[in-house]
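**Student:** Chain by chain, the residues run as shown.
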Amino acid sequence: MSALRDIQRFLYRRPGVTRLLVVIALLLFWEAAARWWVDPMFLSPPSKVFSSLDSVFNTRGVPKALQITFYELAVAFVLSVVIGMVVGLAVGLSRFSHRSFMPIILLLYGTPQITILPLFILYFGIGPPSKIAFGVSHGIFPIIVTIVAGVQNIKPILMTAARSMGASRWQIFRWVIFPHMIPSFFAGMRLGMTGVLLGVLLAELYVSTAGIGYFTTLFTQNFDPTKLLGLISILAAMAIILNEIVRRAEVYFGRWRTD
Amino acid sequence: MSAVSRERRSKLASRAIQVGFLAALLALWYLGTTFWGISPLLLPNPVRVWAELKDVIATGEFLPDLKVTLGELVVAFAISSSSGITLGYLISRSPYLIRVFEPLVAGMYSVPIILFLPLYVLFFGLGPGSKIALGATISFFPIVLNTIAGFGYVEKIFVTAARSMGASDYQMFRYVLLPAAFPVILTGLRIGFTITLLAILGSETIASLAGLGHRIVHLAEAMETARMFAYIAFVVAIAATLNTITSSIERRAKRQ
Chain A
0 MSALRDIQRF LYRRPGVTRL LVVIALLLFW EAAARWWVDP MFLSPPSKVF SSLDSVFNTR
60 GVPKALQITF YELAVAFVLS VVIGMVVGLA VGLSRFSHRS FMPIILLLYG TPQITILPLF
120 ILYFGIGPPS KIAFGVSHGI FPIIVTIVAG VQNIKPILMT AARSMGASRW QIFRWVIFPH
180 MIPSFFAGMR LGMTGVLLGV LLAELYVSTA GIGYFTTLFT QNFDPTKLLG LISILAAMAI
240 ILNEIVRRAE VYFGRWRTD
Chain B
0 MSAVSRERRS KLASRAIQVG FLAALLALWY LGTTFWGISP LLLPNPVRVW AELKDVIATG
60 EFLPDLKVTL GELVVAFAIS SSSGITLGYL ISRSPYLIRV FEPLVAGMYS VPIILFLPLY
120 VLFFGLGPGS KIALGATISF FPIVLNTIAG FGYVEKIFVT AARSMGASDY QMFRYVLLPA
180 AFPVILTGLR IGFTITLLAI LGSETIASLA GLGHRIVHLA EAMETARMFA YIAFVVAIAA
240 TLNTITSSIE RRAKRQ
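As you go down the protein sequences, you meet chains A and B in turn. Each residue of the first sequence is one higher than the last, beginning at 0 in numbering that gives the first Met the number 0. Each residue of the second sequence is one higher than the last, beginning at 0 in numbering that gives the first Met the number 0.
Note that these hints are calculated values from the structure, not bench results. Positions of the beta carbon are idealized from the N, C-alpha and C atoms, including for glycine. It cannot be assumed that every hint is accurate.
[Unchecked claim] Pairwise CB distance ranges (calculated): (1) B:F181 to A:N152: 24 to 34 angstroms; (2) B:S167 to A:L20: 29 to 39 angstroms; (3) B:F157 to A:F56: 53 to 63 angstroms; (4) B:A179 to A:I156: 50 to 60 angstroms; (5) B:A166 to A:F56: 52 to 62 angstroms; (6) A:A236 to B:S246: 27 to 37 angstroms.
[To be verified] Just some of the chain B residues that point at chain A, by a computed CB distance under 10 angstroms: (7) I190; (8) A198; (9) L208.
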């Protein structure tokens with residue numbers, strides 16, 4: 000009885016351990032469901048999925064497909080950041096251009112771009128360029144919006160102070176605006192990464208000849224849930240790692256701010 | 000006085016730029032397709048798109064697809080909002096449960112759930128089932144997280160005050176917790192609604208038998224670009240309307 004109470008107290012003090020137990024319980028439930036209740040044509044147990052991860056890698060074309068998808072993600076992300084940053088600064092730094100162009104940007108941000116996915120295929124073909132373009136179309140708007148918000152949120156007193164002490168436009172940019180932009184820049188990068196992942200994966204799933212989308216379709220049509228789940232796990236891990244890198248960078252570069 | 004008029008002039012100039020920008024875009028589109036020989040397969044003439052749009056609406060051809068898409072949207076959103084709010088409320092009842100589950104839910108939220116679409120197609124088939132499942136899964140997470148944030152972080156002093164004045168459990172819920180949590184939950188519901196719509200259009204585009212997304216893809220594959228543009232405009236208008244309605248509901252409810 001007291002041992003039980005000890006365990007209870009132990010878990011109560013460590014939510015992390017309880018969380019781990021919850022995850023293990025979920026995995027066990029999945030394992031049991033796949034083993035005894037669900038048709039193996041549709042679901043396979045996690046033990047089998049993890050033990051056959053290497054057979055996914057050994058499927059001809061899969062490593063190449065992962066490489067292609069990663070390449071699409073990287074290029075789309077870099078393009079989104081560069082273009083988003085330039086547009087965000089251009090729109091955010093002047094009140095006039097902000098008032099003129101921000102509504103247009105918000106309008107575009109609000110439209111469901113998925114409806115024009117077939118157009119991207121029509122213009123850019125079924126290879127990587129269409130995935131990159133679609134990824135950029137998803138990643139660029141959150142970056143622009145966050146950068147604009149970051150530039151606009153600079154306290155006017157700092158700008159006035161710098162100007163009254165005779166700072167040039169460049170000096171104001173370098174020493175006032177730039178340091179204040181860093182947190183919003185990384186917040187924008189994180190949102191942009193989420194958008195790029197969504198855009199590239201959507202386009203991949205829609206049509207693909209060599210990327211990840213091709214293999215998810217192949218495994219689905221072959222009723223091979225083991226490999227499908229394996230591939231999805233690899234991609235999910237990839238997404239989590241990419242998100243986490245950007246999130247860590249955000250925390251790291253924003254730490255000088257105390258307010 | 001002059002500052003005010005300068006302000007007004009600058010505002011007018013902004014409007015002019017916005018209108019001019021859109022007009023220039025339309026003009027370029029028209030000129031490019033009429034005189035400069037852009038292939039109508041890639042970019043149809045705006046006049047033809049307009050005619051097609053009128054035809055689509057006049058013949059009511061869009062109705063069956065719209066019904067399918069909206070039906071999926073309603074069911075998916077009903078599932079995710081009811082289960083999300085219930086689960087979020089249950090978790091938010093204890094700070095310990097919040098500490099256990101909130102990072103877990105937030106972690107799952109960062110996985111691009113669109114990846115599950117092939118799996119759902121395998122489970123639920125090409126019909127509405129897989130779209131509903133994807134829409135419900137995607138919107139479940141922001142709704143849970145916002146419900147936890149809403150109920151879980153009510154200012155302690157309000158709770159203590161109400162309790163010390165002898166509020167019953169029901170009174171506590173009705174007059175303290177719910178009003179405090181409501182705006183935050185509404186934000187979660189709005190985000191959830193927007194991405195449900197996105198997920199459903201997306202999954203219809205990728206693999207489906209009916210629905211607006213399916214129709215657009217079908218027209219793209221038939222190379223009927225003008226009609227596809229008309230449908231895209233139609234869907235964008237519907238999405239914009241739905242999003243405007245949900246945001247205005249959110250804003251009105253928050254004001255109270």
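**Student:** Could you check the hint for me, namely that A236 (chain A) and S246 (chain B) are 27 to 37 angstroms apart, CB to CB?
**Tutor:** About 35 angstroms separates the Cβ atoms of A236 (chain A) and S246 (chain B), which means 27 to 37 angstroms holds.
**Student:** Please check whether S167 (chain B) and L20 (chain A) have a Cβ separation lying inside 29 to 39 angstroms.
**Tutor:** The hint (29 to 39 angstroms, Cβ to Cβ) holds, given that S167 (chain B) and L20 (chain A) are roughly 35 angstroms apart.
**Student:** Within 50 to 60 angstroms: is that where the Cβ-Cβ distance between A179 (chain B) and I156 (chain A) falls?
**Tutor:** Between A179 (chain B) and I156 (chain A), where Cβ atoms are some 34 angstroms apart, the hint is violated.
**Student:** Is 24 to 34 angstroms right for how far apart the beta carbons of F181 (chain B) and N152 (chain A) are?
**Tutor:** This hint holds: roughly 27 angstroms between Cβ atoms.
**Student:** Could you check if I190 (chain B) really has its C-beta closer than 10 angstroms to a C-beta on chain A?
**Tutor:** violated (13 angstroms)
**Student:** Given a hinted range of 53 to 63 angstroms, is it respected by the beta-carbon distance of F157 (chain B) and F56 (chain A)?
**Tutor:** holds (55 angstroms)
**Student:** Min Cβ distance, A198 (chain B) to chain A: is it shorter than 10 angstroms?
**Tutor:** holds (9 angstroms)
**Student:** Does the nearest C-beta of chain A fall within a distance shorter than 10 angstroms of the C-beta of L208 (chain B)?
**Tutor:** At about 16 angstroms, which exceeds the 10 angstroms cut-off, the nearest Cβ of chain A leaves the hint on L208 (chain B) violated.
**Student:** Can you let me know if the beta-carbon spacing of A166 (chain B) and F56 (chain A) is within 52 to 62 angstroms?
**Tutor:** Since the Cβ atoms of A166 (chain B) and F56 (chain A) sit about 60 angstroms apart, the hinted range of 52 to 62 angstroms holds.
This entry does not satisfy hints 4, 7 and 9, going by the numbered hints stated previously.
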